[in-house]
Every structure is written in C-alpha cells, then in structure tokens.
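There are 2 protein chains.
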Amino acid sequence: MNFLIAQSGGPTTAINASLSGVIQGCLEHSKDNKVYGAINGIEGVLNKNIIDLHSKFTEEKSLEQLKYTPAMFLGSCRYKLDTSYESKDYDTIFKTFEEYSIDCFFYIGGNDSMDTVNKLSGYAKEIQSDVRIIGIPKTIDNDLVATDHTPGFGSAAKFVSSTILDIAHDTYIYNCNSVTIVEIMGRNAGWLTAATALARNSYNGSPDLIYLPEVPFETYQFLSSIKELMKRKKNIIVAVSEGIKDANGNYICASQTSTARDGFGHAKLTGTAKVLESMVQTALNCKVRSIELNVLQRSSMQVASKTDLDEAALLGSTAVTTALEGTTGVMMAVKRQSNAPYTVDIVTVPVSDVANKEKTVPLEWITPAGNDVTDECINYLKPLIQGEPQLIYEDGLPSYLDISHLIA
Amino acid sequence: MNFLIAQSGGPTTAINASLSGVIQGCLEHSKDNKVYGAINGIEGVLNKNIIDLHSKFTEEKSLEQLKYTPAMFLGSCRYKLDTSYESKDYDTIFKTFEEYSIDCFFYIGGNDSMDTVNKLSGYAKEIQSDVRIIGIPKTIDNDLVATDHTPGFGSAAKFVSSTILDIAHDTYIYNCNSVTIVEIMGRNAGWLTAATALARNSYNGSPDLIYLPEVPFETYQFLSSIKELMKRKKNIIVAVSEGIKDANGNYICASQTSTARDGFGHAKLTGTAKVLESMVQTALNCKVRSIELNVLQRSSMQVASKTDLDEAALLGSTAVTTALEGTTGVMMAVKRQSNAPYTVDIVTVPVSDVANKEKTVPLEWITPAGNDVTDECINYLKPLIQGEPQLIYEDGLPSYLDISHLIA
Numbered sequence: 001m002n003f004l005i006a007q008s009g010g011p012t013t014a015i016n017a018s019l020s021g022v023i024q025g026c027l028e029h030s031k032d033n034k035v036y037g038a039i040n041g042i043e044g045v046l047n048k049n050i051i052d053l054h055s056k057f058t059e060e061k062s063l064e065q066l067k068y069t070p071a072m073f074l075g076s077c078r079y080k081l082d083t084s085y086e087s088k089d090y091d092t093i094f095k096t097f098e099e100y101s102i103d104c105f106f107y108i109g110g111n112d113s114m115d116t117v118n119k120l121s122g123y124a125k126e127i128q129s130d131v132r133i134i135g136i137p138k139t140i141d142n143d144l145v146a147t148d149h150t151p152g153f154g155s156a157a158k159f160v161s162s163t164i165l166d167i168a169h170d171t172y173i174y175n176c177n178s179v180t181i182v183e184i185m186g187r188n189a190g191w192l193t194a195a196t197a198l199a200r201n202s203y204n205g206s207p208d209l210i211y212l213p214e215v216p217f218e219t220y221q222f223l224s225s226i227k228e229l230m231k232r233k234k235n236i237i238v239a240v241s242e243g244i245k246d247a248n249g250n251y252i253c254a255s256q257t258s259t260a261r262d263g264f265g266h267a268k269l270t271g272t273a274k275v276l277e278s279m280v281q282t283a284l285n286c287k288v289r290s291i292e293l294n295v296l297q298r299s300s301m302q303v304a305s306k307t308d309l310d311e312a313a314l315l316g317s318t319a320v321t322t323a324l325e326g327t328t329g330v331m332m333a334v335k336r337q338s339n340a341p342y343t344v345d346i347v348t349v350p351v352s353d354v355a356n357k358e359k360t361v362p363l364e365w366i367t368p369a370g371n372d373v374t375d376e377c378i379n380y381l382k383p384l385i386q387g388e389p390q391l392i393y394e395d396g397l398p399s400y401l402d403i404s405h406l407i408a
Numbered sequence: 001m002n003f004l005i006a007q008s009g010g011p012t013t014a015i016n017a018s019l020s021g022v023i024q025g026c027l028e029h030s031k032d033n034k035v036y037g038a039i040n041g042i043e044g045v046l047n048k049n050i051i052d053l054h055s056k057f058t059e060e061k062s063l064e065q066l067k068y069t070p071a072m073f074l075g076s077c078r079y080k081l082d083t084s085y086e087s088k089d090y091d092t093i094f095k096t097f098e099e100y101s102i103d104c105f106f107y108i109g110g111n112d113s114m115d116t117v118n119k120l121s122g123y124a125k126e127i128q129s130d131v132r133i134i135g136i137p138k139t140i141d142n143d144l145v146a147t148d149h150t151p152g153f154g155s156a157a158k159f160v161s162s163t164i165l166d167i168a169h170d171t172y173i174y175n176c177n178s179v180t181i182v183e184i185m186g187r188n189a190g191w192l193t194a195a196t197a198l199a200r201n202s203y204n205g206s207p208d209l210i211y212l213p214e215v216p217f218e219t220y221q222f223l224s225s226i227k228e229l230m231k232r233k234k235n236i237i238v239a240v241s242e243g244i245k246d247a248n249g250n251y252i253c254a255s256q257t258s259t260a261r262d263g264f265g266h267a268k269l270t271g272t273a274k275v276l277e278s279m280v281q282t283a284l285n286c287k288v289r290s291i292e293l294n295v296l297q298r299s300s301m302q303v304a305s306k307t308d309l310d311e312a313a314l315l316g317s318t319a320v321t322t323a324l325e326g327t328t329g330v331m332m333a334v335k336r337q338s339n340a341p342y343t344v345d346i347v348t349v350p351v352s353d354v355a356n357k358e359k360t361v362p363l364e365w366i367t368p369a370g371n372d373v374t375d376e377c378i379n380y381l382k383p384l385i386q387g388e389p390q391l392i393y394e395d396g397l398p399s400y401l402d403i404s405h406l407i408a
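These protein sequences, in sequence, are chains A and B.
Per the numbering used here, numbering through the first sequence is continuous, rising by one, with the last residue being 408.
Per the numbering used here, numbering through the second sequence is continuous, rising by one, with the last residue being 408.
FYI, nobody ran anything at the bench for these hints, they're computed from the structure.
Careful: at least some of the hints might be erroneous.
Identical chains blur together in the list; that is why a pair holds if it fits in one copy or across any two.
Lysine-lysine pairs mimicking DSS-like chemistry, simulated, CA-CA at most 25 Å apart [claimed, not checked]:
| id | residue 1 | residue 2 |
| --- | --- | --- |
| 1 | K287 | K274 |
| 2 | K245 | K274 |
| 3 | K80 | K234 |
| 4 | K48 | K233 |
| 5 | K80 | K95 |
| 6 | K48 | K234 |
| 7 | K61 | K34 |
| 8 | K287 | K80 |
| 9 | K274 | K80 |
| 10 | K234 | K359 |
| 11 | K233 | K357 |
Start from the sequences, fold in the hints, and give me the full structure.
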C-alpha cells in the first residue's frame with residue numbers, strides 16, 4: 001500500500017498533529033509502504049510537487065516534533081476543483097496517483113477541502129478507480145457538520161479564553177472606566193467567540209458581553225448594554241466575532257468591500273472591533289481600546305490544548321485503519337460519548353454530508369438578549385481546552401520541525 | 001519594621017514576581033513585621049486605600065501563585081507628583097506613612113514611577129523623615145538607564161520572538177507572495193522590536209526587516225528593501241516598532257494626534273503597521289497583512305521567561321535587604337557579569353540617575369541600513385528569554401491569584 005497526504009485551507013495548531021497521526025499509522029502498517037506528501041495541497045498533486053515522508057519520519061522523535069509544530073508542514077492552498085469531471089484537473093490528479101502507485105489519498109482540511117475530497121471520491125467512482133480518498137477535518141472555526149467538533153478548534157478556544165483572562169488582569173489594574181473590545185476569528189460561525197466565556201472564573205466575570213454572527217448585531221442595544229454595565233462595573237470587556245452582521249445581513253466590519261476574496265470567494269473581514277471602538281468612543285466618551293487577536297489564535301502552539309492535539313493525532317491514525325479497511329469518500333469525525341468524564345469515539349461520515357455545509361452555534365445556546373452564551377454551550381466547550389502539551393524548547397523558543405522546504 | 005508596597009505604570013508579566021519577592025523578603029525578616037499594599041499606586045497612599053498583605057501571603061502557595069499572575073495585583077496609576085514640595089500631596093503621603101508606622105516604602109514601576117521615588121526620597125530628606133524609599137524597576141520597554149535590563153522585558157521579548165516564529169510558520173504555507181507587518185510596542189526605545197530577531201533559527205530567517213524608533217524611517221528605502229527581498233523570497237515578515245518616526249521626527253502611525261495622552265503626557269500610538277500595510281499594498285500590489293501584538297506582549301503569562309520572573313522576584317527580595325541596611329533613594333538594578341554562562345549581580349543605583357531618563361538601543365547595535373540589529377545586540381538579548389515557568393492550570397486555564405479587590 002502506498003499513501004499520499006496533503007493539507008489545505010487555513011492553518012491551525014493541530015493540523016500537523018493529524019499529519020503525524022497519519023504518518024505514524026502508515027509506518028506502523030508495514031515497512032514496505034511508501035508514504036508521500038504533496039506540497040501545497042491539491043496543487044502539489046497537480047504539479048507533482050511531492051516529497052518522500054517515509055524516510056523523513058522513521059525516527060519517532062521527529063514525528064513527535066511534527067505533532068507540536070504549528071501550521072502546515074506540507075503547506076496549503078486555496079484551490080477549488082471544477083464541478084465538472086470534464087475538467088482536466090481530475091485526469092491530472094489521478095495520473096499522479098497512478099504514477100506514484102497511490103492506494104490512499106488523505107486530505108486534511110476544512111469545509112472547502114471536504115469539497116475536494118467529495119469531488120475526488122465521486123470521480124474515482126466514475127472512472128472505477130480503487131484509490132481511497134479520505135478527509136480529515138481541521139478548522140479553528142469548528143463549523144464542520146457531522147462531527148462533534150473539529151481538531152484545531154480546542155487549541156484556538158484555549159488561546160482565546162486564556163488571552164481574555166490575561167487581558168482581564170491587564171485591564172482591571174486602572175481605577176477608571178474603560179471598554180476593551182476583543183475581535184475573534186469567525187466569519188459565519190461564532191464558536192470561537194463563544195469559547196471566550198471559558199475565561200470566567202470565581203473572580204473574573206469577563207467577557208461581559210459576547211457577540212456572535214448567528215444573531216443580528218443591534219448597535220443601540222450594544223451601547224445601552226455597556227452603559228447599563230458601567231453603572232456597576234468600571235472595566236467592561238467585550239468579545240466579538242469578526243463576522244457580526246446587522247439585521248440586513250451587512251457586515252459591521254470596516255473594510256470587507258475593499259479587500260480581496262480568496263479562491264473560494266470568502267471575503268476577508270477585518271476591523272470589526274475598530275468599528276465598535278469608535279462607536280463606543282463617540283457614544284460614551286470613555287477609555288476604549290480594541291484588540292484583534294489575528295493569526296495568533298490559530299498559531300500559538302505554546303497555548304495549545306493537549307486534548308485537541310491528541311485527538312487530532314488519533315483522527316489521523318484512525319484514518320489509515322479506515323482506508324486499509326477499504327473505505328473511501330468519508331471524513332473522519334468525533335462522536336462525543338460523555339462530558340464528564342469526557343470520552344469520544346472516532347467514527348466516519350460520508351464526506352458528501354459535510355462538503356460545503358456550515359455548522360453554526362445553535363440559537364438555543366445564545367441567550368435571549370443575544371449578547372452571551374448559555375451554560376449548556378459552556379459545558380460543551382470546556383472539555384476541549386483541557387491539558388497542556390509538553391513542548392521541547394531550544395534557546396528559549398519552542399523547537400519546531402524545520403520547514404525550509406516551504407521557504408522559497 | 002513595617003513595609004508598604006505599591007505598583008505603578010503599565011503592566012508586565014513580571015511585576016507581580018517582584019511583588020512576591022518583596023513580600024517574601026518582608027515576611028522572612030521577622031514575624032512581627034506589618035506588610036501593607038497600597039491599591040492603585042501612589043493614589044492608594046494618598047487615599048489611604050491600603051490592604052494588609054501579611055495575613056494574605058503567609059502561605060507559600062499563594063506567594064508562588066502571585067509570582068505567576070500577570071499584570072498588577074495591587075493595581076496601577078498614572079499619577080505624577082508635583083515638582084514643588086509645597087504640594088499638599090507630599091504631606092498627605094507622609095501622614096499616611098506615619099499613620100501606618102511605615103519604615104520602608106517600595107514602589108515597583110518604570111521611568112515615571114522612578115520620578116515618584118526620586119521626589120519622595122528628596123522630600124523625606126527635606127523633612128528629615130527616616131522612611132526609606134526604594135524603587136524596583138519594571139517595564140517591557142527595557143528603557144531604564146543604569147540597569148542592564150528591566151524585569152518584564154525578558155518575558156515580553158520571549159513573547160514577541162516566539163510569536164514571530166509562529167507567524168512565520170503560519171505565513172510560509174502559501175505559495176504566493178506576501179508581506180506580513182508585525183507591530184511591536186515601544187514608543188522611543190526599540191528594544192522589544194529588536195528582540196524579534198531572536199525568532200531566527202536554522203530554517204527561519206524572519207523577521208526579514210526590523211525597524212526601530214532609534215533611526216528615521218524612510219518610506220522609499222522600506223519599499224525598495226521589500227521589493228529587493230521579493231526577488232529571492234516569497235513571504236516577507238517585517239517587525240516594526242509602534243514608535244517609528246520619519247526624518248522630521250513625525251510618527252508614522254495613523255492616529256497619534258487624535259488620541260488621548262496619559263497622565264505623564266505620553267501619546268497613545270496605534271496603527272503604525274496598518275499605515276505600512278497600505279503603503280505596501282499601494283506600491284507593490286501583493287497580499288499584505290498587518291498584525292498588532294497589542295497588550296498580549298505584556299500580559300501572556302503562558303509565554304513568560306523563567307529567567308525574567310526569577311530575576312524580578314530576586315530584585316524584590318534584595319530590595320528588602322537593602323532597605324533594612326538603611327539605604328534609601330535608590331533603584332534596584334541588574335548588573336550583568338557574563339553572557340555565557342549568564343550571570344548577574346543585583347545592585348543599587350541612585351534613583352536620581354534613573355528618573356525621567358530613557359535608554360534606547362545603541363546606534364552601533366543597529367545595522368548601517370537601519371533595518372536590522374547586530375549580532376552583539378542578539379547576544380545581549382538571548383539570555384533574557386531562557387526558561388519556562390511551570391504554571392498551575394485549573395480547568396484548562398492558568399490558575400492566577402484572585403484580583404476581585406480590583407474589580408469594582
């Protein structure tokens with residue numbers, strides 16, 4: 001059996017943990033297996049930019065280091081396959097499979113990557129190819145359907161919640177009124193912003209307000225909520241999704257119209273917190289600051305969740321077993337068995353059920369006022385941020401795996 | 001002997017480590033000592049907002065937890081004492097000292113706080129008071145004179161350098177040209193921005209360009225440096241101080257004129273990276289993004305430097321010994337003995353030598369092109385980020401000390 005692996009979409013801290021799981025699974029199966037990686041996702045398959053992973057990862061030490069390296073060791077792409085199988089891309093991809101005698105192709109990615117998995121497995125069926133195509137989920141957005149949650153989300157959730165707690169300590173030191181607005185990633189799904197609620201503890205009630213894209217953002221309500229809170233609290237901390245929209249469905253963010261769209265047509269949102277900052281400044285005339293957590297929420301390995309990384313690796317190794325059983329056209333998924341103790345099963349779901357769909361926060365997990373999440377939501381989120389990985393450090397910084405093959 | 005401690009200025013992750021050192025020193029001296037904390041810096045002394053620290057910190061466990069709690073357990077202020085001793089503030093402060101039978105007052109802070117220490121010790125001399133006034137330095141800016149470096153800087157340096165490394169991994173995954181501009185705190189001193197150079201390793205050469213406030217920023221040179229680099233590298237990462245200025249001394253940042261100034265008249269700078277982002281976008285028309293590290297660089301305890309926290313605590317406990325010896329009007333300081341192995345002595349310097357002065361990066365540590373730092377600078381910085389504190393976690397988040405006394 002020969003294996004080919006690629007990664008696609010936006011990075012997370014857990015996507016290399018999945019890759020390490022797949023490689024480990026492949027290596028364990030038999031010493032004669034060939035394990036290849038395509039550089040820059042499906043583009044690497046199209047361009048035959050393919051490297052040998054087998055020889056690189058025979059040492060257990062380097063697989064462990066891969067697990068704790070952020071972003072994507074194999075690089076990424078935003079390449080959308082044509083809907084028509086007439087497109088010559090399909091022929092090119094399966095010719096590459098043939099040339100390298102590939103039996104199984106693993107694609108680690110989010111919604112858009114599952115679209116690729118869905119199309120490739122459909123095409124394989126059409127041409128009666130035996131190549132098994134398996135998707136392995138990842139996304140900090142947690143917006144994939146048919147899985148309890150996605151690898152990468154737990155680490156991002158741990159980052160945003162612990163960062164809000166740090167920001168609370170930073171904020172409460174001054175004896176004056178202030179409003180701090182923290183912008184979290186999430187275009188249509190507010191999962192990551194919801195996770196900021198985990199920052200609350202016996203002394204810290206912040207974030208005081210949480211705004212998700214799932215419910216329309218009402219400026220007047222927002223300002224009056226802050227005004228009301230200020231009657232009993234000096235420092236207000238607000239967590240807001242970059243993707244909040246008004247009742248007409250227009251983004252609140254400053255610059256969505258002028259910026260570029262990616263290969264899948266998604267607008268790049270930025271400056272939502274800045275817009276709210278100037279609203280509050282104008283309306284309430286107090287100290288206001290906005291903080292955009294930016295790419296740190298998806299790349300800060302030192303604040304990753306052990307639960308998340310371990311699950312990501314497990315999904316990867318189970319994907320290999322699944323492929324060896326002859327399964328194709330599926331995405332590996334997490335099925336939660338219980339919250340306390342937290343236990344999960346790794347299962348498979350038809351990738352056609354997942355591709356191009358989006359799972360948002362259920363409306364019943366958002367409070368009636370639309371500015372907080374419920375306890376049920378918090379109970380769902382809490383197990384995902386547990387545990388801290390033991391990173392190796394060198395000269396004061398995490399010792400990550402060399403990615404010079406990605407640096408032109 | 002009775003002791004009073006207060007904290008002032010902007011927060012760091014190490015300022016509570018200094019506080020824990022002072023408290024430990026006070027408690028060790030004798031069980032009969034009273035140890036008090038003033039809430040919100042010198043304002044707490046003026047308003048008699050004073051708490052008993054003795055009973056709170058008799059357990060070693062809570063002192064350890066204090067050491068690993070970010071920001072300021074006693075709160076902060078931005079209060080500038082009048083230059084004239086006729087101001088009734090001085091009389092009020094020393095009446096509070098008398099009321100609580102204070103023998104030693106410790107003030108943990110930066111340049112402005114050392115101004116307060118200088119004035120108070122001058123006033124004590126004038127009125128022939130025996131109260132010893134001792135300053136303990138802190139600032140992520142590393143801009144205090146007469147000390148090798150300042151507590152808080154090492155942790156911030158570790159945060160910015162490891163974050164640049166994470167951002168590099170996040171950036172190199174795409175096979176397209178891109179420029180990422182990372183904005184680092186530092187109004188006049190570029191120390192923290194210089195520390196981003198520590199992110200470089202055997203495979204990562206970024207940040208590719210480093211701009212400090214110490215040398216004038218030339219837009220044309222900046223753009224042509226990027227253009228030149230792009231001939232041989234796809235993804236460029238730039239580290240820039242928020243405080244960079246043009247040849248006429250005007251800040252490059254977007255909004256310094258319209259924003260408020262603090263009690264010491266310092267302008268709040270913001271949006272420098274955004275300004276550069278739009279420059280590059282216009283001139284080079286490639287993918288550009290800006291990232292402002294914001295307050296995370298001074299509050300992320302999970303990425304703190306053990307060397308920094310341990311030194312901060314040592315400065316605190318040594319301050320107590322110093323006070324007991326009868327010394328007053330000094331700031332505790334670090335004197336480096338050697339780089340490899342890294343060894344330091346804790347010494348005292350007259351606070352009048354420190355107050356209202358600023359130590360910037362020596363021009364000979366900046367490369368002639370003005371867009372990088374020298375190896376000598378890197379050798380100075382490297383020992384300061386070594387080691388990782390072992391934090392206690394609870395429910396997936398760091399377990400910090402309760403600060404409900406600061407939350408109104």
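Exercise. Have a look at K233 and K357 and pick one of within, between, both or neither, based on CA distance no larger than 25 Å.
Key: Neither. Shortest intra-copy (41 Å) and inter-copy (36 Å) distances fail the 25 Å Cα cut-off.
Exercise. Can you give me the call for K61 and K34, within, between, both or neither, at a CA distance of at most 25 Å?
Key: within (20 Å within a copy, 53 Å between copies)
Exercise. Classify it for me, K48 with K233: is the Cα-Cα distance of at most 25 Å met within a copy, between copies, both or neither?
Key: between (60 Å within a copy, 22 Å between copies)
Quiz item: For K80 vs K234, is the C-alpha pair at or below 25 Å within one copy, between two copies, both, or neither?
Solution: Classified as between; 22 Å across copies, 49 Å inside a copy.
Quiz prompt | Intra/inter-copy verdict for K274 and K80 if alpha-carbon distance must be at most 25 Å | solution = neither (32 Å within a copy, 30 Å between copies)
Quiz item: When no copy is named, should K80 and K95 be tagged within, between, both, or neither for a Cα gap of at most 25 Å?
Solution: within (19 Å within a copy, 74 Å between copies)
Quiz item: Is it within, between, both or neither when you check K48 against K234 at 25 Å Cα-Cα?
Solution: Between. Shortest inter-copy distance 20 Å satisfies the 25 Å Cα cut-off; intra-copy 59 Å does not.
Exercise. Using 25 Å as the alpha carbon limit, work out where K245 and K274 are close: within a copy, between copies, both or neither.
Key: Intra 15 Å, inter 24 Å, cutoff 25 Å: intra and inter.
Exercise. If the cutoff is 25 Å on CA atoms, where do K287 and K274 land: within, between, both or neither? Let me know, please.
Key: both (13 Å within a copy, 21 Å between copies)
Quiz prompt | 25 Å Cα threshold - placement of K359 relative to K234 | solution = neither (36 Å within a copy, 35 Å between copies)
Quiz item: What label fits K287 with K80 when the C-alpha limit is 25 Å: within, between, both, or neither?
Solution: Classified as between: cross-chain Cα gap 19 Å, same-chain 45 Å, threshold 25 Å.
When the structure is compared with the earlier hints, violations turn up for hints 9, 10, 11 and for no others.
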